[in-house]
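Starting from the given sequences, assemble the full structure and let the hints guide the process.
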Amino acid sequence: MRGMDFGGLRPLYLRDDTGFTAGGGGAATLGFGQARPVDVRAVRRAPVLGWRQRIADFDPVVDLGARIGSGEWWRGLATCTLLCGGAIATAPGLTPLPGATPPALSAAQWREARALGFAPLALGGDTGRRMAATDAVEPLVDTPERPTIDLTATLGRGDGFARVLERAGVAAGEAQAVAARVAAVVPLGAIRPGTRLDLTLGRRASRAQPRPLDALAFRARLDLKLAIERIGGALVLRPTPIAVDDTPLRITGRVGSSLYAAARAAGAPAPAVAGYIRALSARLSIGRDVRANDRFDLIVAQRRAATGEVETGDLLYAGLDQGSRRTRLLKWTVGGQSQFFEASGVGERRGAMTQPVVGHLTSGFGMRRHPLLGFSRFHRGVDFGAAYGSPIVAATGGTVSYSGWHGGHGNYVMIQHGGGIATAYGHMSRIVARAGTRVAQGQLIGYVGSTGLSTGPHLHYEVYRNGVAINPTSIRFTTTSQLAGRDLAAFRATLARLLAVRPGASAQGGQ
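Start counting the sequence shown at 296; every next residue gets the next number (this note's numbering).
Take the hints with a grain of salt, since some may be wrong.
[What the hints assert, rightly or not] Distance condition first, Cα-Cα at most 25 Å in a straight line; then the derived SDA-like pairs of lysine to any residue:
(1) Lys626 to Arg787
(2) Lys626 to Arg797
(3) Lys626 to Ser553
(4) Lys520 to Ala472
(5) Lys626 to Ala557
(6) Lys626 to Leu778
[What the hints assert, rightly or not] Beta-carbon label-pair distances, calculated as ranges:
(7) Ala479 to Leu446: 19 to 29 Å
(8) Val605 to Glu524: 23 to 33 Å
(9) Ala479 to Ala784: 33 to 43 Å
(10) Gly468 to Ala538: 28 to 38 Å
The set of hints was computed from the structure by calculation and includes no laboratory data.
Idealized CB from N, CA, C, for every residue including glycine.
What follows is the structure, encoded as structure tokens:
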């Protein structure tokens, strides 16, 4: 039945295998100009093949980035939504499953576990124990122990005397007993860090026991050596005093091109030279008034032991010879405070006050609008914003004249510093300093709070001169004192004794 025109009816459009269409004429044409006969059975099955073809051509995966808004795009969006909703609906829950919690270690188990850890060993093995052997370790044949062991231990900063002995292998009970014997002669806190301890450990009954302490020797002080020996099974303490010469060290020399360099070259310790320059700078200008031909004179506290050890202390005397002008300053303590006095007995101290709290300035001195009262009033001090509970210290040394509640200032402390100078501290959360007590510069007097008329935690700080409030940020003070009576006599006697000291051998080289 091929090639028939079916009564003049011609298929207008047909799809060939290559996707080209043909229309018109008595025969369907293939692509590229080739004619193809029409199959009547294929034409009769066209409706059936149409829905089957549509099913075969249905593509559930649709590119949602193309043909946006078309029916095919909306069908793809619905399919994607259904798939995502189904995945979310069937997703498993994330609720954690409860498990068994191991019991906490007892004290003995914790000590055992800590002894076997790497961290304690890396930090010095302060437990005194050793790591247990594993299966890869083979035990050695038992060998005889040494009868005694000589060890050297060093007392560290912040370390305990008994703890040092325990780390060296001494039993805990015996270490505590030795520490108690030493403390009866010299305070354990007075033993300087870095002190060397020479120990001798004796024979023990079994390897499971610590060795007994047979001997211990160390230098407790410059003038004292302590030794502990086991005699008749008991430990015996034997102190050995050491003669010490307390004659101070006097160093003199010519200033030359540099006062500091000349004093250091003459043998003066660096801290003493720094103190010497500070003492002189309070009376004269080092750069303008000191000349190359001037001669410096320092006297430093010194202790020399008979065994050769030397301890150098603070600067005692600062002198400068400028021909017709001589400056003589002696360090003297009055009322618990040390300062340099001139040879006439007049002392003077200059400096700046310390900021009483670590914080930032939030309100200055002068007129301002009060944050709570709502009107302008004179602000007699400055405010430092700081965290609640921050420590407050005295700006400089003095005597507490008031400590307690002070109206809008809340918890309030006032300190008199002499020379008409006073400082006050308000809004404290807690007061430490009490009225009538003396405080030093930088000493804790209370804590930051928000008591009284306050909008938040801060320190209200005031400075008064002769009862009048002044700006705390501009204050510098000068205090002058005059020795008299017995104090002046003792001062002059000490000055004469120091000036009688001959310069040391190191000072001769700097002249």
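Proposed proximity, serine 553 with lysine 626 (alpha carbon, max 25 Å): With a Cα-Cα distance of about 24 Å, the restraint between lysine 626 and serine 553 holds, given a limit of 25 Å.
Restraint check for lysine 520 with alanine 472, where alpha carbons must lie at most 25 Å apart: holds, 19 Å
Hinted pair lysine 626 and arginine 797, Cα distance within 25 Å: holds, 19 Å
Valine 605 versus glutamate 524 beta-carbon gap, inside 23 to 33 Å or not: holds, 29 Å
Whether the CB-CB distance between alanine 479 and alanine 784 falls inside 33 to 43 Å: 40 Å Cβ-Cβ, so the 33 to 43 Å window holds.
Proposed proximity, arginine 787 with lysine 626 (alpha carbon, max 25 Å): holds, 12 Å
Hint check for alanine 538 and glycine 468 - Cβ pair distance inside 28 to 38 Å: Since the Cβ atoms of glycine 468 and alanine 538 sit about 36 Å apart, the hinted range of 28 to 38 Å holds.
Cβ distance range 19 to 29 Å for alanine 479 and leucine 446, holds or violated: holds, 24 Å
25 Å Cα cutoff - pair lysine 626, leucine 778: holds, 13 Å
25 Å Cα cutoff - pair lysine 626, alanine 557: This hinted pair holds, its Cα atoms lying about 22 Å apart.
In the structure shown, no violation is registered for any of the earlier numbered hints.
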